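**Student:** Listed below are the residues making up each chain.
Number of protein chains: 2
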Amino acid sequence: MRTLRDDPADAEVPSHKLLIRAGYVRPIGPGLYSWLPLGLRVLRRIEQVVRDEMAAIGGQEILFPALLPRAPYETTNRWTEYGDTLFRLQDRRRNDYLLGPTHEELFTLTVKGEYSSYKDFPLILFQIQTKYRDEARPRAGILRGREFVMKDSYSFDVDDDGLQRAYDAHRAAYQRIFDRLDVRYVIVSAVSGAMGGSASEEFLAESEVGEDTFVRCLESGYAANVEAVVTTPPAPIPFEGLPAPVVHDTGDTPTIATLVDWANTAGLGREVTAADTLKNVLLKVRQPGGDWELLAVGVPGDREVDDKRLAAALEPAEHAMLADEDFGRYPFLVKGYIGPKALLDNGVRYLVDPRIVDGTAWITGADAPGKHVVDLVAGRDFTPDGTIEAADVRDGDPSPDGAGALVSARGIEIGHIFQLGRKYADAFSADVLGENGKPVRLTMGSYGIGVSRMVAVLAEQHHDELGLRWPSSVAPFDVHLVIANKDAAARTGAGELAAELDGLGLDVLLDDRTASPGVKFKDAELIGVPWIVVVGRGWSEGAVELRNRFSGETQQIAVDGAAAAIAAALA
Amino acid sequence: MRTLRDDPADAEVPSHKLLIRAGYVRPIGPGLYSWLPLGLRVLRRIEQVVRDEMAAIGGQEILFPALLPRAPYETTNRWTEYGDTLFRLQDRRRNDYLLGPTHEELFTLTVKGEYSSYKDFPLILFQIQTKYRDEARPRAGILRGREFVMKDSYSFDVDDDGLQRAYDAHRAAYQRIFDRLDVRYVIVSAVSGAMGGSASEEFLAESEVGEDTFVRCLESGYAANVEAVVTTPPAPIPFEGLPAPVVHDTGDTPTIATLVDWANTAGLGREVTAADTLKNVLLKVRQPGGDWELLAVGVPGDREVDDKRLAAALEPAEHAMLADEDFGRYPFLVKGYIGPKALLDNGVRYLVDPRIVDGTAWITGADAPGKHVVDLVAGRDFTPDGTIEAADVRDGDPSPDGAGALVSARGIEIGHIFQLGRKYADAFSADVLGENGKPVRLTMGSYGIGVSRMVAVLAEQHHDELGLRWPSSVAPFDVHLVIANKDAAARTGAGELAAELDGLGLDVLLDDRTASPGVKFKDAELIGVPWIVVVGRGWSEGAVELRNRFSGETQQIAVDGAAAAIAAALA
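Residue numbers (my numbering), protein chains in the order written: chain X, 1 to 571; chain F, 1 to 571.
Since the hints were derived computationally from the structure, they do not count as laboratory data.
Since the list gives no way to pick one copy over another, a pair counts as held whenever it fits inside one copy or between any two copies.
In silico lysine-lysine, DSSO-like type, Cα no more than 27 Å apart, as pairs:
# : residue 1 : residue 2
1 : 112       : 522
2 : 119       : 486
3 : 486       : 522
4 : 308       : 335
5 : 119       : 522
6 : 423       : 308
7 : 284       : 308
Predicted model only: the values in this text are computed from it and were never measured.
Let the sequences and hints guide you as you build the complete structure.
**Tutor:** This is the structure in structure tokens:
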């Protein structure tokens with residue numbers, strides 16, 4: 001092994017810098033890394049923890065090729081849908097192949113081919129395998145590579161209850177895996193309530209360098225992707241005593257900011273903020289196989305429409321903002337002054353933020369240039385077609401569980417569990433004979449863990465300013481034995497101590513180089529084996545030093561019986 | 001798991017049929033296979049044996065990507081040389097990549113990058129990795145796939161002695177590996193003496209379905225690739241008393257057969273066979289970077305020039321038979337009547353088979369149409385430029401070690417050890433600082449084992465008419481426990497016995513299906529776990545049956561203490 005003194009020039013995150021400096025991985029090309037001996041040992045230990053826990057829930061390990069023929073991916077349309085992210089190639093006969101980014105198709109085909117009866121289920125198959133994705137921006141070393149190791153498993157059941165049990169078993173197994181790996185993580189709902197709260201959850205490792213944003217409630221532990229946050233609506237307000245709507249000439253006020261400025265100088269008798277205005281955003285939406293249709297989304301003027309939340313709410317439909325040329329086709333849409341009246345009068349589907357409950361009064365467009373309406377009351381003056389979770393989520397918003405405020409955080413996706421249902425079974429007509437003698441279509445769950453990414457996640461979460469610090473469950477070695485004494489007897493004794501520790505079942509990294517003690521200590525701290533044993537000046541007085549890399553604590557151990565004492569301390 | 005009753009239609013060799021029927025692998029595409037749970041367990045156990053023995057000789061395990069950038073393979077020209085066998089692809093930025101068929105370039109670059117001093121050597125690095133080769137004819141299931149698992153290791157040394165030590169260590173490690181795996185194999189010299197007898201050896205598993213031909217001497221155990229066989233020359237014959245050469249008019253005799261016919265009717269006073277004639281074959285040869293030059297090869301007329309032996313003898317030069325249009329450029333070459341005189345008079349390089357020693361008399365061409373010379377004596381009437389090992393090797397030829405006759409056999413290449421020398425170090429200028437303070441170029445050895453192929457090799461060598469039979473070292477399970485008794489107590493007892501065996505550290509495959517005993521026994525024989533325990537009719541009398549899958553022997557074991565007794569029998 002070889003450590004480097006300087007950070008690599010292109011490394012932007014701590015794990016990337018440290019894994020290279022400490023000799024765990026080496027770049028070969030963009031998003032492509034070699035695993036050096038230290039890194040490979042950590043990777044293999046993580047794999048083993050994952051394998052153990054998958055076996056414990058009855059998972060059977062298999063292994064598919066990474067090089068796959070095009071046909072199955074054509075059947076599911078993913079040959080095309082994957083776009084540039086798929087590595088495609090041809091063989092010498094000009095047949096199309098791909099490098100598997102994920103293996104739903106192969107798992108489904110295998111189960112369809114091997115099994116024929118409900119008696120063969122439930123079934124969980126998994127593999128720990130090298131995957132390929134041609135990421136547009138590979139980044140942060142092995143955090144987002146183009147060749148990486150994933151555990152992917154699939155559950156197959158003949159009914160929804162079975163799927164739920166398999167999902168729950170995976171969820172519990174993932175918790176055990178991540179606990180054993182000593183990773184700090186949260187489980188976030190990945191989709192909103194519409195699909196059922198537990199149909200898709202992500203395991204995110206907490207990390208400032210993460211690419212995923214999520215929100216959490218520190219009081220209750222609630223956590224969710226922003227797509228999955230359900231807005232807490234205020235209580236409706238009785239209409240009684242509310243002022244009547246009045247249309248005002250507001251001049252050139254096509255934006256919320258100009259409208260608020262006008263309102264605060266118009267003598268309305270109260271201070272107005274953007275939250276008092278109602279902004280109507282025009283979209284076009286297309287269901288799969290359908291035509292484009294208009295959709296208006298109304299949100300309080302202090303919030304933006306969050307495109308990811310909007311997409312999740314509209315799924316499986318696709319959507320696009322209404323372009324200027326489209327506006328021209330609808331003369332009743334007066335850009336900058338669109339109000340509920342014109343939308344509803346002209347049959348435009350109109351969905352609003354859940355905060356726009358009955359009795360709330362809004363300043364909004366009056367459907368004519370330079371005109372807005374004040375005190376337009378929801379439920380009295382207009383009735384939208386429904387609500388939509390499309391407004392952005394902000395720090396301070398109430399947690400859906402009512403326990404406190406939401407705060408946003410960043411995370412790295414380390415696991416994803418997902419009730420696929422019958423999507424792939426439908427694509428391949430994967431039926432088996434049911435208990436009643438009739439064919440029954442299989443239902444599937446899909447469950448992934450980023451195995452190679454986990455090496456970086458652990459490096460990210462556990463390092464300090466001196467270097468890496470591995471949890472015992474994944475450390476490349478149990479003990480790093482540093483010889484910091486040139487005396488021949490000490491060197492010989494250190495070798496014997498290493499052999500004794502090895503005999504006790506501990507993996508020992510012995511640094512017997514002729515380098516200076518300072519260089520060796522620095523390397524030991526950088527490499528991050530959790531326990532460091534120093535055979536140093538104390539040797540002649542009959543003592544070695546045992547250091548804990550996490551706490552920094554040291555203790556003197558008598559040379560006599562040192563191996564047993566060290567093993568006891570580690571246990 | 002699922003067994004199949006019938007052989008797959010496209011399977012031509014026993015291992016392929018059985019591995020599919022018994023549920024070890026499944027085809028995904030030409031030369032692409034999925035590993036089902038049983039197959040993956042065998043594969044992993046083989047990997048572990050290889051890993052152990054590589055670690056035992058100081059090998060350090062690393063792992064390179066399979067997806068590799070073009071540049072290093074451009075440097076060594078293998079991007080082109082590999083031809084259609086290389087899977088090539090482009091990423092989204094249109095940069096060229098390949099799927100690694102072998103990793104010499106990456107190992108060399110890694111060592112060049114990591115190490116700088118002679119003190120860092122000797123060094124052995126290895127990986128157990130998925131490789132890709134777009135074989136023209138993938139065949140025999142996993143025996144020759146397009147995605148396969150290989151162990152490849154490389155030794156790096158600063159001098160030739162170091163390389164020899166690394167080579168010897170690998171040779172011994174390979175013997176231990178193949179012995180532990182219970183594979184029948186021979187070690188064959190892979191190149192002729194010119195490069196040094198031990199510079200390249202292949203480990204061939206003995207198998208009739210093998211693609212490699214080799215020759216062996218049953219008396220001495222000598223074995224070699226045909227390329228490596230060294231001809232035993234006869235003793236020279238004194239010239240004294242040998243008749244003088246006479247040119248004859250032989251009519252239309254351009255072939256050996258017509259020449260022999262003529263000789264036996266020409267009244268030469270002796271019976272003539274093809275072995276008495278000297279056939280001169282004209283080639284053109286080009287050294288790397290050089291021009292094409294003429295070469296004539298003389299062999300006894302009863303032998304053909306073996307193209308593989310010729311190529312090995314001429315390496316690194318390339319060669320081609322002289323085409324008809326080329327003959328026209330050399331008027332002294334009279335096709336069908338070419339003799340040594342015209343060759344030597346016109347400065348054509350002339351190499352002969354080692355059997356053509358001084359004093360041997362030949363019937364050969366006289367360099368004119370319809371004319372041959374009889375009794376042309378080597379060393380007296382012509383003196384070739386040297387000898388060449390180009391004539392074919394035949395059953396019955398004397399073994400080079402003089403112990404007996406050679407016989408040919410077929411084998412499957414399972415390992416190859418090779419002293420690469422400085423070829424790749426030269427390509428990448430891989431130098432380190434030597435002990436004397438001056439740069440020293442590294443020298444390398446290259447060592448491979450076909451890991452996934454070994455699954456098929458073992459299936460090929462150990463199966464019988466009933467199915468597979470795995471050596472204990474690689475069996476997917478230690479014990480196959482068959483419940484052949486519908487009694488509830490027997491079923492419960494079998495489950496408890498399985499748990500006890502598991503508790504003793506044995507891997508147990510428990511067949512608790514409701515299928516008939518006959519179906520289960522057939523499956524057990526097909527699957528080939530080395531020990532089968534039957535909980536059957538004897539259960540009520542307090543006995544289970546223990547069967548050895550190799551010998552077919554059975555013994556009755558008392559239910560009381562059965563687990564310990566079975567464990568003892570297995571040990």
